[in-house]
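The whole structure should be built from the sequences, with the hints applied where relevant.
Order-wise, the sequence lines are chains A and B.
So the first sequence is numbered by the working numbering: it starts at 1 and just counts up by one.
So the second sequence is numbered by the working numbering: it starts at 1 and just counts up by one.
Hints were generated in silico from the structure; no laboratory data involved.
Predicted model only: the values in this text are computed from it and were never measured.
In this text, a Cβ means the ideal position worked out from N, Cα and C, and glycines have one as well.
Among the hints, a few may not be true.
Claimed, not checked - Below are the DSS-like pairs computed for lysine-lysine, each with C-alpha atoms no more than 25 Å apart in a straight line:
{"#": "1", "chain 1": "A", "residue 1": "K61", "chain 2": "A", "residue 2": "K125"}
{"#": "2", "chain 1": "A", "residue 1": "K94", "chain 2": "B", "residue 2": "K100"}
{"#": "3", "chain 1": "B", "residue 1": "K71", "chain 2": "B", "residue 2": "K86"}
{"#": "4", "chain 1": "A", "residue 1": "K101", "chain 2": "B", "residue 2": "K78"}
{"#": "5", "chain 1": "A", "residue 1": "K101", "chain 2": "B", "residue 2": "K90"}
{"#": "6", "chain 1": "A", "residue 1": "K125", "chain 2": "A", "residue 2": "K135"}
{"#": "7", "chain 1": "A", "residue 1": "K135", "chain 2": "B", "residue 2": "K78"}
{"#": "8", "chain 1": "B", "residue 1": "K78", "chain 2": "B", "residue 2": "K100"}
{"#": "9", "chain 1": "A", "residue 1": "K22", "chain 2": "A", "residue 2": "K94"}
{"#": "10", "chain 1": "A", "residue 1": "K15", "chain 2": "B", "residue 2": "K86"}
{"#": "11", "chain 1": "B", "residue 1": "K71", "chain 2": "B", "residue 2": "K90"}
{"#": "12", "chain 1": "A", "residue 1": "K15", "chain 2": "B", "residue 2": "K100"}
{"#": "13", "chain 1": "A", "residue 1": "K61", "chain 2": "A", "residue 2": "K94"}
{"#": "14", "chain 1": "B", "residue 1": "K90", "chain 2": "A", "residue 2": "K15"}
{"#": "15", "chain 1": "A", "residue 1": "K22", "chain 2": "A", "residue 2": "K66"}
{"#": "16", "chain 1": "A", "residue 1": "K15", "chain 2": "A", "residue 2": "K61"}
{"#": "17", "chain 1": "B", "residue 1": "K90", "chain 2": "B", "residue 2": "K78"}
{"#": "18", "chain 1": "A", "residue 1": "K66", "chain 2": "B", "residue 2": "K86"}
{"#": "19", "chain 1": "A", "residue 1": "K101", "chain 2": "A", "residue 2": "K15"}
{"#": "20", "chain 1": "B", "residue 1": "K86", "chain 2": "B", "residue 2": "K100"}
{"#": "21", "chain 1": "B", "residue 1": "K71", "chain 2": "B", "residue 2": "K100"}
{"#": "22", "chain 1": "B", "residue 1": "K71", "chain 2": "A", "residue 2": "K101"}
{"#": "23", "chain 1": "A", "residue 1": "K22", "chain 2": "A", "residue 2": "K125"}
{"#": "24", "chain 1": "A", "residue 1": "K22", "chain 2": "A", "residue 2": "K61"}
{"#": "25", "chain 1": "A", "residue 1": "K15", "chain 2": "B", "residue 2": "K78"}
{"#": "26", "chain 1": "A", "residue 1": "K125", "chain 2": "A", "residue 2": "K15"}
Said to hold, decoys possible - Some chain B residues judged to face chain A by a derived CB distance under 10 Å, without partners named:
{"#": "27", "residue": "R67"}
{"#": "28", "residue": "E82"}
{"#": "29", "residue": "G87"}
{"#": "30", "residue": "P88"}
{"#": "31", "residue": "A89"}
{"#": "32", "residue": "I105"}
Here are the chains, one letter per residue:
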Amino acid sequence: MSTQENGDASEPIAKVSIIVSKGSLEGIYPGLIMANGARMEGIEANLFFTFFGLDAISRAKHEHVKVATVGNPGLHLSTWAGGIPGVSAFVTHKLAEEMEKLDIPPIPEFVEMIAESGAGLYACKASVDLFGLDKEDFVDEVTDVITVGEFYGLAAGGQIIFT
Amino acid sequence: MSTMTYAGTAVEVDAEGFMIDPSQWNEDVAAAIAAEAGIGELSDRHLQVVHFMRDRYLESGTAPSIRTLGKASGVPIKELYELFPKGPAKLAAKIAGIPKPRGCI
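Here is the structure:
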């Protein structure tokens with residue numbers, strides 16, 4: 001392997017920029033946990049929400065994010081069963097209970113916590129335009145709506161993680 | 001495991017400098033660990049967090065999460081990061097003389 005500029009194992013990670021692109025519960029939490037975990041280690045962190053990942057910061061939707069029970073082989077639930085009305089809500093509710101026991105906050109509280117920890121929260125302009133949204137549709141913690149180019153500018157000098 | 005001397009008190013620490021036996025701790029030890037970690041002098045707010053962490057650990061056997069710290073210590077999350085910029089939960093645990101927190105949140 002050749003030497004990578006950002007890959008030196010002796011160099012601690014100083015900055016991460018995490019992209020959240022999915023709108024299911026299991027699509028959103030990993031990025032939030034990684035961003036919060038980065039701040040806990042004193043690592044600078046930015047979150048960039050794109051496509052359905054915008055639901056995590058949407059005033060209207062952030063309290064209603066659900067586990068995908070159809071087309072999710074990890075649940076080991078047959079597709080027809082996952083599609084029955086109420087199943088997704090039930091699985092989401094059970095998971096939320098387990099998460100509470102582990103002190104993992106619900107998405108709205110988690111987003112607030114991460115913002116308070118000093119991480120930057122950004123919405124992807126292309127997705128915001130595509131869905132006909134604007135900054136008012138997002139929670140107050142969102143720093144700005146930015147382009148991909150601006151995201152790369154923010155991410156400069158750190159690691160980018162896509163989820 | 002090794003032995004460190006803080007403010008004249010010998011304490012057992014792990015490889016990362018977290019104390020193994022919380023009973024060896026006192027506020028002078030805390031001040032010395034804080035100075036070594038680059039925190040400088042401990043304010044009343046620092047000590048409020050440190051005592052909260054210790055009390056919770058001694059009560060429950062685990063260090064509180066950052067969420068619990070923010071909700072119950074009386075110091076909000078934003079201020080926690082101002083007091084302990086390099087990571088509030090870990091640094092406060094180190095200064096509080098308790099083992100390294102193992103939680104992800």
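Evaluation of the provided hints:
Among the hinted pairs, K61 (chain A) with K125 (chain A) is consistent with the structure: their alpha-carbon atoms are about 18 Å apart, no more than 25 Å. As the CA atoms of K94 (chain A) and K100 (chain B) are separated by approximately 30 Å, the hinted pair breaks the 25 Å bound. A threshold of 25 Å between alpha carbons decides the hint, and for K71 (chain B) with K86 (chain B) the separation of about 20 Å falls inside it, so the pair holds. A threshold of 25 Å between alpha carbons decides the hint, and for K101 (chain A) with K78 (chain B) the separation of about 24 Å falls inside it, so the pair holds.
A threshold of 25 Å between alpha carbons decides the hint, and for K101 (chain A) with K90 (chain B) the separation of about 21 Å falls inside it, so the pair holds. Distance check on the hinted pair: K125 (chain A) and K135 (chain A) sit about 10 Å apart at the alpha-carbon level, within 25 Å; holds. With a CA separation close to 23 Å, the supplied pair K135 (chain A) and K78 (chain B) stays within the 25 Å bound. Between the alpha carbons of K78 (chain B) and K100 (chain B) the distance comes to roughly 22 Å, so the proposed pair stays at or under 25 Å and holds.
For the hint linking K22 (chain A) to K94 (chain A), the alpha-carbon distance of about 21 Å falls within 25 Å, and the restraint holds. About 13 Å separates the Cα atoms of K15 (chain A) and K86 (chain B), which keeps this hinted pair within 25 Å; it holds. For the proposed pair K71 (chain B) and K90 (chain B), the alpha carbon gap of about 17 Å is at most 25 Å, so the pair holds. Distance check on the hinted pair: K15 (chain A) and K100 (chain B) sit about 22 Å apart at the alpha-carbon level, within 25 Å; holds.
Straight-line distance between C-alpha atoms of K61 (chain A) and K94 (chain A) comes to about 19 Å, which keeps the hinted pair within the 25 Å bound. Taking the CA atoms of K90 (chain B) and K15 (chain A), the gap is near 18 Å; set against the 25 Å cutoff, the hint holds. Taken as a hint, the K22 (chain A) and K66 (chain A) pair is honoured in the structure, with Cα atoms around 11 Å apart against an allowance of 25 Å. For the given pair, K15 (chain A) sits about 29 Å from K61 (chain A) by alpha-carbon distance, which is inconsistent with the 25 Å threshold.
Only pairs whose Cα atoms come within 25 Å are accepted, and K90 (chain B) paired with K78 (chain B) is accepted, the gap being roughly 16 Å. With a C-alpha separation of about 34 Å, the suggested pairing of K66 (chain A) with K86 (chain B) is violated against the 25 Å cut-off. In summary, the hint linking K101 (chain A) to K15 (chain A) is not supported, as the alpha carbons are separated by about 30 Å, beyond the 25 Å threshold. Our distance criterion of 25 Å between C-alpha atoms is met by K86 (chain B) and K100 (chain B), whose separation comes to about 14 Å.
At most 25 Å may separate the alpha-carbon atoms for a hinted pair to count; K71 (chain B) and K100 (chain B) meet this at roughly 20 Å. For the suggested pair K71 (chain B) and K101 (chain A), the alpha carbons sit about 15 Å apart, so the restraint of at most 25 Å is met. Distance restraint check for K22 (chain A) and K125 (chain A): the Cα-Cα separation of roughly 16 Å lies within the 25 Å cut-off, and the hinted pair is therefore satisfied. Restraint check for K22 (chain A) and K61 (chain A): satisfied, since their Cα atoms lie roughly 13 Å apart, inside the 25 Å limit.
In summary, the hint linking K15 (chain A) to K78 (chain B) is supported, as the alpha carbons are separated by about 19 Å, within the 25 Å threshold. About 22 Å separates the Cα atoms of K125 (chain A) and K15 (chain A), which keeps this hinted pair within 25 Å; it holds. Among the interface hints, the one on R67 (chain B) holds; its C-beta lies about 5 Å from the nearest C-beta in chain A, closer than the 10 Å criterion. The closest approach between the C-beta of E82 (chain B) and any C-beta of chain A is roughly 9 Å, which is under the 10 Å cut-off, so the hint is satisfied.
Evaluation of the G87 (chain B) hint against chain A yields a held restraint, the C-beta minimum of about 4 Å falling below 10 Å. Because the beta carbon of P88 (chain B) sits about 7 Å from the nearest beta carbon in chain A, less than 10 Å, this interface hint is met. Interface hint status for A89 (chain B): upheld, as the beta-carbon distance to the closest one in chain A is roughly 6 Å, under 10 Å. Evaluation of the I105 (chain B) hint against chain A yields a held restraint, the C-beta minimum of about 5 Å falling below 10 Å.
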